[in-house]
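Trainee: Starting from the given sequences, assemble the full structure and let the hints guide the process.
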Amino acid sequence: MRMNVSARPGEVDLRPLSARSVVLSLLLGTHPPELAAKDLVSGVEPFGVGGSTVRAALSRMVTAGDLRRTDGVYRLSERLLERQRRQDDAVQPDTRAWDGDWEMAVITATGRGPAERAELRGRLGALRLAELREGVWLRPANLGRPWPTDLGQVLRPFTARPDTPPRELAAGLWQLDAWARTSRALLAHVERTHLPADRFTALAAVVRHLLSDPVLPPDLLPADWPGPALRTAYVHHRHTLTAQVPGPDA
Numbered sequence: 001m002r003m004n005v006s007a008r009p010g011e012v013d014l015r016p017l018s019a020r021s022v023v024l025s026l027l028l029g030t031h032p033p034e035l036a037a038k039d040l041v042s043g044v045e046p047f048g049v050g051g052s053t054v055r056a057a058l059s060r061m062v063t064a065g066d067l068r069r070t071d072g073v074y075r076l077s078e079r080l081l082e083r084q085r086r087q088d089d090a091v092q093p094d095t096r097a098w099d100g101d102w103e104m105a106v107i108t109a110t111g112r113g114p115a116e117r118a119e120l121r122g123r124l125g126a127l128r129l130a131e132l133r134e135g136v137w138l139r140p141a142n143l144g145r146p147w148p149t150d151l152g153q154v155l156r157p158f159t160a161r162p163d164t165p166p167r168e169l170a171a172g173l174w175q176l177d178a179w180a181r182t183s184r185a186l187l188a189h190v191e192r193t194h195l196p197a198d199r200f201t202a203l204a205a206v207v208r209h210l211l212s213d214p215v216l217p218p219d220l221l222p223a224d225w226p227g228p229a230l231r232t233a234y235v236h237h238r239h240t241l242t243a244q245v246p247g248p249d250a
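Just so we're aligned: 54 in the numbering used here is position 54 of the sequence shown, and the numbers increase by one with no gaps anywhere.
Treat the hints as calculated values from the structure; they're not laboratory data.
This one's a predicted model, so the numbers in the text were calculated from it and none came from an experiment.
Cβ coordinates follow ideal geometry from the N, Cα and C atoms, glycine included.
This list has only true hints and no planted wrong ones.
Simulated restraints on C-beta separations: (1) 52 with 108: 52 to 60 Å; (2) 101 with 63: 41 to 49 Å; (3) 147 with 100: 18 to 26 Å; (4) 224 with 165: 18 to 26 Å; (5) 63 with 119: 20 to 28 Å.
Mentor: This is the structure in structure tokens:
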């Protein structure tokens with residue numbers, strides 16, 4: 001049975017703050033994801049990024065296809081709209097009562113190259129499935145999200161009731177204790193940061209970690225699961241950091 005877990009559990013994965021990362025984070029957290037150039041410039045000031053640096057980053061992001069610009073307003077590209085959807089789902093996952101069923105996906109396509117296989121693995125992981133063995137993925141059927149229709153070309157979905165006790169199966173598919181340790185480390189780090197740039201960097205690490213939360217039914221989770229607390233902290237501190245950024249209708 002394969003384990004599905006991020007590397008180095010318990011560590012805080014902080015990445016350097018850049019004009020691009022701040023601009024993207026502001027737009028990913030805005031609905032609809034569009035802001036005027038002047039609002040983006042003022043919005044990044046608390047994080048120590050100057051206006052000329054932001055404008056240069058905006059120009060490069062338009063050229064790279066990350067953003068679209070119309071009449072001085074910048075919007076996320078179609079590709080990044082999907083990233084926003086995944087981020088929104090990570091912060092507020094769509095769950096339903098679990099009746100004991102499991103989603104199972106069996107890969108049926110053959111002759112795919114390494115890049116295609118890696119892309120499919122990434123998509124199944126983003127759907128919060130875990131790999132039981134090569135070509136067989138599953139998770140409890142407690143999510144409200146639909147299956148992408150194009151996946152029908154490469155796999156067959158099933159509803160299953162494994163003989164293995166559910167808690168035992170979940171513990172074998174995901175390293176839940178490791179995910180929880182990293183969550184608690186992130187919570188502690190967020191609470192001890194005070195400068196806007198430091199807290200912004202910490203919250204970016206939080207949302208990356210939430211993307212890997214399996215979002216299991218409560219009955220399958222260890223006691224004192226920190227997922228809800230991590231989401232609450234993210235929403236609270238994110239709102240505090242971005243409260244001064246004008247919205248698209250301001």
